[in-house]
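Chains as they are written, first to last, in my numbering: chain A, 329 to 969; chain B, -7 to 219.
Warning: the hint list may mix true and false statements.
What the hints assert, rightly or not - Covered stretches of chain B (in silico footprint by chain A; criterion: 3 or more residues with CB under 8 angstroms from a CB of chain A, positions within the stretch not fixed):
#1 -4 to 5
#2 71 to 77
#3 183 to 194
#4 206 to 214
Honestly, the hints are just simulated from the structure, not real lab data.
Just so you know, even glycine gets a beta-carbon here, dropped at the ideal spot from N, CA and C.
As a plain string of letters, each chain reads:
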Amino acid sequence: MKRFRFNDYLSTAAILLFLVVFIQLTGLLSRVDNVLFDIGQKWRQGKPPADIVIVAIDENSLSQLGRWPWSRQVHADLIQRLKQENTLAIGLDIIFSEPEQSNKNADNALATAIAQAQNVVLPILLETTRVKGQLIETLPLPSLALQAADLGRVHAVLDEDGIARSIYLFEGIGAPVWQHFSQAVLNVATHQPSQNQFNAPAAQKNIFSLIRKQQKRVSFRGPPGYFSTISYAQVLKGEFEKDTFKNKIVLIGATASGMNDLLSTPVSGLSQPMAGVEFHANVLDSMRNNRLIDTLPTVSCLIVLIALALLPLIWMPRLSALKGLISTLVYFVFVSMLAAVLPKIFSIWIPPSAALLPILISYPIWSWRKLEAAQRYLDQELTYLKSFIVQSDFADNTVHHYDNFDDRIEQVRAAGQQLRFLQNDRKEVLAFISHDLRAPLASAMMLLEEHQQLKSKLHAPLSQALHLAEDFLQASRAEMSNSADFKELDFAGVTHQAVDDAYESALKKNITLEREIVDGLVWVNGNFGLLQRAILNLVMNAIKFAPEHSKVRVKLSYANQQAVLSVVDYGPGIPMDEQKHLFKRFSRLKDMSASAEGAGLGLYFVHTVAQKHHGTVDVESDIGQKTSFNLRLPVINFQAH
Amino acid sequence: MKIAFLEDNQHFADETIHALSAAGHEVKHFLTGRDCLKAVTSDTFDLCLFDWEVPDMSGPEVLASLKLRSAVPPVIFLTGHDAEEDIVQMMEAGADDYIVKPPSTNILNARINALYRRAHPAKNPIESVDYGHLKVDFTKRKFMINLEAVKLTEKETELALYFFGHIDVLLSRAHLTKVVWGTTPDIDTRTIDVHVSHLRNKLNLLPQYGWRLISVYHQGYRLERLT
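Sequences and hints are given; from them, build the entire structure.
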């Protein structure tokens, strides 16, 4: 059966392994991964950062300043206003791609404001001119771009479910030259040089395609409205407290729902999308705290997932069905939650779905393998049972083609019933031997007493037959005894009594029975009759093989919760090669004459009784010196006299 | 002594009747339980010797019916079944003793006499008995080995005297407990074994001195005098 179980292990492991690799490589369950990632992102951490302020082009601003787009003079005024407040950096998330037609001076005013502020970052947009059209880079007007402290590319990667979770650190057409807009703002705020890589090597094949690198997931700080926000119109009118903007990073962008700059994010509910400018605030905050999340590379990820998926195989086979099921479910939840919080704690993302599905079905698969094994075993066992239960005894109404489990169970049940029937048969035979065979043999022995002539001839064979019947009966009683019926009894007392029983036989052979029985009561759990008979068998055996006028020693000692009964005779001894067969059924010593009494069940009986009492029996023999049979039994306790 | 003998095996019965008659007993033999039952209820017997299994009624059934009707003389069962559960069943049915077939004449007589003595105690109680190495003084409640008094506790003395007053009689654990410990409720099941173990040791109740103090499948005790 060991080999079978190992096979079950291997096949279960192989199936799980295949599932992990398949799901991981096809990305079949990426939506499950996204859900778990989003759950982790909803875990909010601490207060909003005090040094990031969003200036929102909201509905209030639109109603006060008129419909979009506003004149660039307005933006110029705002930048000028903010300059007086000593901001760290200003991220102006508004596209200025074409010159303002109505007021040429407005562009100049804005350029001047940006130049004077020295810390304004302007966005670059990568967009297609029409559907499936060519992708172009939309830069701000050169006059503005030249005055900007830095430029950065505004974008968010939308996953297949339309939710923005990640960005690329670098992007560009033909070559990944542009840094992210948030990176640009951060550079200006911390006085770092721009990371735009104008000398990055261009793509060889298609210089018009979008090249992007270093995708990172964003660690979201909180839901929409989490960062401190102030209305554009209020700022313009100076309706804010002193130091609102001092030494702060200011991001200016649209939040009004009509302006098409809204994103779905892990932290925003369906009804409350996040403004692009707030997304950038999150990215910026992730960036400067080194909290941008790396996805584990494919190979490492596969190794981790396989390990996670196979782990339940360590404990599942050791647990019962229900516990196995529950533990697997608990483990499933644990792995899910672990994957969800890892990005927040260690900024690493392991998409767990490829391991989760295998974990969930590892228990059914394991059960299935076991069921198959059980079925195979049942079939084997049935074939075996059928081979030794006579076919005609087998109920004929059983189905002969093993279609399903019920059939097999029915077959085994029938076989079990048959075995029980046979056992009852055996009991009846034993009862027959015990009463109906023993009694007439006994009467015959009695009758012999009166016929001295016959007695000399018939006594030996008759008494042999009587002994045989007796031995069979005793051996089967030992086999069928049940330790549940055992009682607490004094083993020393039993030993005394067995020696008493052998006294007469010893006397006849002029053998001295020496008692060396521990002074006290040795309490064991046992069957009185069986133990008495076992000791008697050992003592009678010793008397049988001991020479006349010698002695037989019966020693009972107690040590370490174990009673040791040794019966020692000084007879011819038993050769080594015969010792191991001694306790088997129908074993007789080679040089024993055929007429020797008994069926060779005496020591088998002792062995069976020892086993039933959770003890042992062994023999030590020095040829020509002495032989010692030792019966060892576990003891409840010893009570000295 | 007048003995009612129930046995369906004629051969075996003849042997037993022969042995009992030789010992001076008057034996009435019955082949069926029904006949036996009728006779025992109408006539008086000193002792019943029943086979455990006869065709029409089993020995225990006969005994149970008897107990319903009248005072029953002591009953000994003759049986081929000597497994523990059989003996327990026999004792529970109210048997005074049992003998495994085939009985030796000695044992048969010893057990019958022991039960008779028990049922008919002597008018003048015995004062003391000398068993050679061991003297038992019932009046002084003393035991002497080689002229030296054996030191026994109160309960040991009580138990020993009871054993020596009922040699060859099967005494159940329940009976011994009641006689020696009387009203003491819930005495430990080990207590009797401990006292018996002490008596075997202190009084040398061993075959070489002509004694066997045996436990019958842990159900009862019997002090046997070997001849």
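The hints, checked one at a time:
no., hint, result
1, -4 to 5, "holds (count 3)"
2, 71 to 77, "holds (count 4)"
3, 183 to 194, "holds (count 7)"
4, 206 to 214, "holds (count 4)"
No hint from the list above goes unmet by this structure.
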